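Novice: Work out the full structure, taking the sequences as your base and the hints as a guide.
Listed here are the chains, written in short residue letters.
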Amino acid sequence: MRLRSILPLTLLLLALNYLPISTWAISDGHTNNWAVLISSSRYWFNYRHMANALGMYRTVKRLGIPDSNIILMLPDDVACNPRNKFPGAVYANKDRKLDLYGERVEVDYRGYEVNVENVIRLLTGRHSPSTPRSKRLLSDDRSNVFVFMTGHGGDEFLKFQDNEEISAFDLADAFAQMHEKKRYNRLLFMIDTCQANTMYSKLYSPNIIATGSSPLGKNSYSHHADKEIGIAVIDAFTHFTLSHLENICKTSNATLKGFFDSYDPVAIKSEPGVRSDLFNASLADVLLTDFFGGVAQVDVLPPQEEQDADDSAVPGRAKEAPTRAEGTDRTPWTGEQLDRGRDLHVDGGQSVKAWVAVAVVAALSLLSSKIAVL
Amino acid sequence: MALASKLFTLFVKTPTARPDGRPFTASEKLSAEYAPRILRRRQLTDRISTALPALRFLSIAASLVWLILLPTNFLGQDTYIDENALQPGGVAAHYGGGDVHRADVFARIIREGFSGNWSSSDRAAWVENEFSQLGYNTGIQNYTYTLLPSASTPSLSGKVAYAHLAAPRSSASETILLHAPWSSLLGEDALQYAQESWNLAEDGHGGMANVRGVAMLLSLAGYLKKYSLWAKDLLFVISDGQSEGLSAFLAAYHAEVPPNLNTTRLSFLPKNNIWTSFSLSYPSDSFSHLGLFYEGPNAHLPNADMLSSLTHIARYTGGIPSAVRGVRPELRSDWALPGWVPPWAKEMINAREVKEYELAARTLAENIAFGAVGMASGVHGPSHLYRIDALTLHAIPAPGPHGFLTLGRTLESYLRTFNNLLERLHSSVFFYLLAGPYRLLKVGHYLPVAVLGGVAATLGGIQGWVERAKRSGGRALGSAVGAIVLGWAVWGGVWETLRRNGVEAALLPALSILALPLVLALLPRPIRPRQPPSLSPLILLSLGLSASLLSLLNFPFALALALLSLPFHLPPPSALPLRALAAAVYLALLSPAGWAAALRIWGGEAALERVVGAAVREWEVNGNWVVGAWVVGWGGVVWAQAVNVALG
Numbered sequence: 003m004r005l006r007s008i009l010p011l012t013l014l015l016l017a018l019n020y021l022p023i024s025t026w027a028i029s030d031g032h033t034n035n036w037a038v039l040i041s042s043s044r045y046w047f048n049y050r051h052m053a054n055a056l057g058m059y060r061t062v063k064r065l066g067i068p069d070s071n072i073i074l075m076l077p078d079d080v081a082c083n084p085r086n087k088f089p090g091a092v093y094a095n096k097d098r099k100l101d102l103y104g105e106r107v108e109v110d111y112r113g114y115e116v117n118v119e120n121v122i123r124l125l126t127g128r129h130s131p132s133t134p135r136s137k138r139l140l141s142d143d144r145s146n147v148f149v150f151m152t153g154h155g156g157d158e159f160l161k162f163q164d165n166e167e168i169s170a171f172d173l174a175d176a177f178a179q180m181h182e183k184k185r186y187n188r189l190l191f192m193i194d195t196c197q198a199n200t201m202y203s204k205l206y207s208p209n210i211i212a213t214g215s216s217p218l219g220k221n222s223y224s225h226h227a228d229k230e231i232g233i234a235v236i237d238a239f240t241h242f243t244l245s246h247l248e249n250i251c252k253t254s255n256a257t258l259k260g261f262f263d264s265y266d267p268v269a270i271k272s273e274p275g276v277r278s279d280l281f282n283a284s285l286a287d288v289l290l291t292d293f294f295g296g297v298a299q300v301d302v303l304p305p306q307e308e309q310d311a312d313d314s315a316v317p318g319r320a321k322e323a324p325t326r327a328e329g330t331d332r333t334p335w336t337g338e339q340l341d342r343g344r345d346l347h348v349d350g351g352q353s354v355k356a357w358v359a360v361a362v363v364a365a366l367s368l369l370s371s372k373i374a375v376l
Numbered sequence: 055m056a057l058a059s060k061l062f063t064l065f066v067k068t069p070t071a072r073p074d075g076r077p078f079t080a081s082e083k084l085s086a087e088y089a090p091r092i093l094r095r096r097q098l099t100d101r102i103s104t105a106l107p108a109l110r111f112l113s114i115a116a117s118l119v120w121l122i123l124l125p126t127n128f129l130g131q132d133t134y135i136d137e138n139a140l141q142p143g144g145v146a147a148h149y150g151g152g153d154v155h156r157a158d159v160f161a162r163i164i165r166e167g168f169s170g171n172w173s174s175s176d177r178a179a180w181v182e183n184e185f186s187q188l189g190y191n192t193g194i195q196n197y198t199y200t201l202l203p204s205a206s207t208p209s210l211s212g213k214v215a216y217a218h219l220a221a222p223r224s225s226a227s228e229t230i231l232l233h234a235p236w237s238s239l240l241g242e243d244a245l246q247y248a249q250e251s252w253n254l255a256e257d258g259h260g261g262m263a264n265v266r267g268v269a270m271l272l273s274l275a276g277y278l279k280k281y282s283l284w285a286k287d288l289l290f291v292i293s294d295g296q297s298e299g300l301s302a303f304l305a306a307y308h309a310e311v312p313p314n315l316n317t318t319r320l321s322f323l324p325k326n327n328i329w330t331s332f333s334l335s336y337p338s339d340s341f342s343h344l345g346l347f348y349e350g351p352n353a354h355l356p357n358a359d360m361l362s363s364l365t366h367i368a369r370y371t372g373g374i375p376s377a378v379r380g381v382r383p384e385l386r387s388d389w390a391l392p393g394w395v396p397p398w399a400k401e402m403i404n405a406r407e408v409k410e411y412e413l414a415a416r417t418l419a420e421n422i423a424f425g426a427v428g429m430a431s432g433v434h435g436p437s438h439l440y441r442i443d444a445l446t447l448h449a450i451p452a453p454g455p456h457g458f459l460t461l462g463r464t465l466e467s468y469l470r471t472f473n474n475l476l477e478r479l480h481s482s483v484f485f486y487l488l489a490g491p492y493r494l495l496k497v498g499h500y501l502p503v504a505v506l507g508g509v510a511a512t513l514g515g516i517q518g519w520v521e522r523a524k525r526s527g528g529r530a531l532g533s534a535v536g537a538i539v540l541g542w543a544v545w546g547g548v549w550e551t552l553r554r555n556g557v558e559a560a561l562l563p564a565l566s567i568l569a570l571p572l573v574l575a576l577l578p579r580p581i582r583p584r585q586p587p588s589l590s591p592l593i594l595l596s597l598g599l600s601a602s603l604l605s606l607l608n609f610p611f612a613l614a615l616a617l618l619s620l621p622f623h624l625p626p627p628s629a630l631p632l633r634a635l636a637a638a639v640y641l642a643l644l645s646p647a648g649w650a651a652a653l654r655i656w657g658g659e660a661a662l663e664r665v666v667g668a669a670v671r672e673w674e675v676n677g678n679w680v681v682g683a684w685v686v687g688w689g690g691v692v693w694a695q696a697v698n699v700a701l702g
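Here the protein sequences line up with chains U and X, keeping their order.
Just so you know, the first sequence maps onto residues 3 to 376 in the numbering used here.
Just so you know, the second sequence maps onto residues 55 to 702 in the numbering used here.
Just so you know, the hints here were simulated from the structure itself, not pulled from any lab data.
Being a predicted model, the structure only gives us computed values, none of them experimental.
Hints are not guaranteed to be accurate.
[Claimed, not checked] Using C-beta positions, here's what the derived DEER-type ranges look like: (1) Leu603(X) with Lys137(U): 48 to 58 Å; (2) Arg223(X) with Lys137(U): 27 to 37 Å; (3) Tyr370(X) with Asp287(U): 42 to 52 Å; (4) Ala286(U) with Ser227(X): 51 to 61 Å; (5) Tyr134(X) with Lys137(U): 39 to 49 Å; (6) Leu323(X) with Lys137(U): 51 to 61 Å; (7) Asp79(U) with Tyr134(X): 28 to 38 Å; (8) His480(X) with Glu166(U): 37 to 47 Å; (9) Glu166(U) with Leu603(X): 33 to 43 Å; (10) Arg106(U) with Gly189(X): 30 to 40 Å; (11) Arg106(U) with Leu323(X): 34 to 44 Å; (12) Asp287(U) with Ser227(X): 52 to 62 Å.
[As the list claims (entries may be wrong)] Simulated coverage check for chain X against chain U, where a stretch passes if three residues somewhere in it have a Cβ under 8 Å from a Cβ of chain U: (13) 143-149; (14) 470-477; (15) 648-654.
Every residue gets a Cβ at the ideal spot worked out from N, C-alpha and C, and that includes glycine.
Specialist: See below:
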């Protein structure tokens, strides 16, 4: 009796796994999400850059990315700045209903640790051995990485701490190294500064989507100021993005294309841009939760003969594909093993084989059920 | 130079043979090689010499035209905020009715004190007590400036009450200084035009008491202490006298006590830099405009951001219009002109543009006048000597509409803006002229006026030098330099005598020195030196140098030098009686001795004593070098010119 009920269920599950439904994002193939949130300016009058980063931090946490997968960089502590009329609190809105610095905020890089060298080391994974895990971007080739940068910028540069700059070329090379070391599956780069769009103009690695708040020669503006705190509390582009993301939850089907189409230059007070030529699929197939959320896909895949030519000692034995359910707890770490990745994508030819397998198994199960009845 | 000489080969032919056709000898060939160059050089210098008078005239004309154009709309721009950290006007101010009530109570007590003739110690003790009740760390400083007899008072002494609040949440390394003197900027003459509603009180020293200025600071102290958002220490200073109280306090604070100051130590150990400061003068009950007195000694100015942020905050947070010094930014009413004036002229004279020009010109002229004597306007002057950006706010009396509430809000917002500073103000300009509360002239807009005058003088000096060199071979350089140095030394001696012993003692030496050029002029011809020293070009050169170099540092002084040096361009007359007359005119009109004599004649002994006393006080107490430069530097130069003219 059991056989009759369980087998069809198993078949159903197997079948659904291989159906080309876009919400399952099989073509995406990411299993974990990372977020790198960088604010690059210090001082009290750059309160809004800290608020930008903290607002984004709260949103990605709400949508499911855990702290261990978020790298938050805040160069200055505005919450405890003596000029803060609300000590210990950072608000991104003048209604002051939501304290972004309230509880369980893990800042990974703080103060003078936020500099160009550390950002590039973080992205490329070249750390000194003493760097703790919380300061490392431990992404792999199944990670969707969301990189958010905010601060003061200009034509192809972003200013760090009033002291140094990171250029668009540096960033492009860092992303290229990430691609070579298979440190991302897809990458969404969002930047909110003046002339932000120039910052992604030099990228050349595949599978990157980039969006910025204003084009060359144009400024980006703050959204509004709080009269009690005395300065601007959030930037217009980030405010727009966060408001949009506030309306979605973990199970949302909202796509990146829908988000980009909703850009309103009047509300954002500048002309935001999108760069998707490096991205080889359609933006309509990319969910917002693919980058902003921590929605993970768990697959148990069938054996893949052609990829494991050296493991043919026992023919027919299925090599168990490593499951990457959460992507967080890794096996004991040694420096070299961290960046190992496996290419386990499923392409068109294999899905035909999968359907044939389903049909065969279905026929066999029908036969077996008939036999069981008999 | 090589290019120029090459160009001139087009105009000068190189001779290849003697005029009579015979070929050159060896030495003649050598001369022939150099002759064209010498000829070219002579031609070049001749061309420049012939052009020099025209260039001088053009420079002077351009300088005067530019001076006339300064108050127009062609020059200048709107005031702007350059330092991003300031964020002026971004804060909602909460100074409210309760604080106004407390301020009113303080004002009543202060007015009663002044009408009861309370002494300096009484009021210092009272205000110190009030601050300490509010929870501040307080103290009283006794100071005495010992002045030289010429300064018309032997000493300036008084008490300064101060209160210090450490930044609550951090160990700040900067301090904001809030200062109010017991005497406001209004003098005795204010009683003549004061209105009843102003409710002024006399301070017993010939001025109007700063009743509400002190009350405002007391009320602010109580209000500001409630907030813990101060990143900088606050220092409240209530001082006697005009600016000498603040001067004594700052000297004790920075531990740079000059020898003529005797002061007690401060009750707390100053460890912070004072970056910004303002002084408040608010004598009447209500006011209409907030006057900005921003000039410091020696034409020092605070960073323009200080003024811009104040006018911005006063306008948008307090709703208070600003004014430059006491000049209300209102256009004059139409003049009633007599009937014979044609209507088109009447229209032109009463046109809006002309009135605006007059207002801007008056504003600029006052600024230039202060700077030309190196005097600070207001009471904040001593701050500039310690690189503190400071200004004095004077509430211009009126029946209304502003009072404690709007001023309190404005000052609260102003302090919040200073609180945001991370570095000393450095972004905006330090050299500027204000043509109006919202109109700024940057250095490039006004500097050429003085520099062109200096250029004209320098060109005149060069031309005179070249001519003299042609005539006399330039042998008299040593005696010329000696004459000017002698003039400076002599006038330096006069100045020292004046400072130490007063006007009477300096009179005889000054007169005898002044008489020398006239004596020289009247000497019969055989006794006079044969070769007169070529002073005139050297004088012009030195004037041109001073005007051009000082034009950035102290533009009004350089402008005055450039304008007063215009008569020096005139060639001295050659006939004997005219020479003596010209020398006498120089001495009477242009030299400081002549000015002193004129003042004595028209103003009386008292006026001369007062002016000389003020000048000496400025030198002794306020660090003003311009007055010394006028007496010694300018006096010496004019005297040398008189000698030059006398000798012909």
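Novice: All hints are to be evaluated individually against the structure, with a verdict given for each.
Specialist: Checked hints:
| no. | hint | verdict |
| --- | --- | --- |
| 1 | Leu603(X) with Lys137(U): 48 to 58 Å | 57 Å, holds |
| 2 | Arg223(X) with Lys137(U): 27 to 37 Å | 29 Å, holds |
| 3 | Tyr370(X) with Asp287(U): 42 to 52 Å | 51 Å, holds |
| 4 | Ala286(U) with Ser227(X): 51 to 61 Å | 56 Å, holds |
| 5 | Tyr134(X) with Lys137(U): 39 to 49 Å | 42 Å, holds |
| 6 | Leu323(X) with Lys137(U): 51 to 61 Å | 42 Å, violated |
| 7 | Asp79(U) with Tyr134(X): 28 to 38 Å | 31 Å, holds |
| 8 | His480(X) with Glu166(U): 37 to 47 Å | 21 Å, violated |
| 9 | Glu166(U) with Leu603(X): 33 to 43 Å | 39 Å, holds |
| 10 | Arg106(U) with Gly189(X): 30 to 40 Å | 38 Å, holds |
| 11 | Arg106(U) with Leu323(X): 34 to 44 Å | 43 Å, holds |
| 12 | Asp287(U) with Ser227(X): 52 to 62 Å | 56 Å, holds |
| 13 | 143-149 | holds (count 3) |
| 14 | 470-477 | holds (count 4) |
| 15 | 648-654 | violated (count 0) |
Hint violations for this structure: numbers 6, 8 and 15, all remaining hints satisfied.
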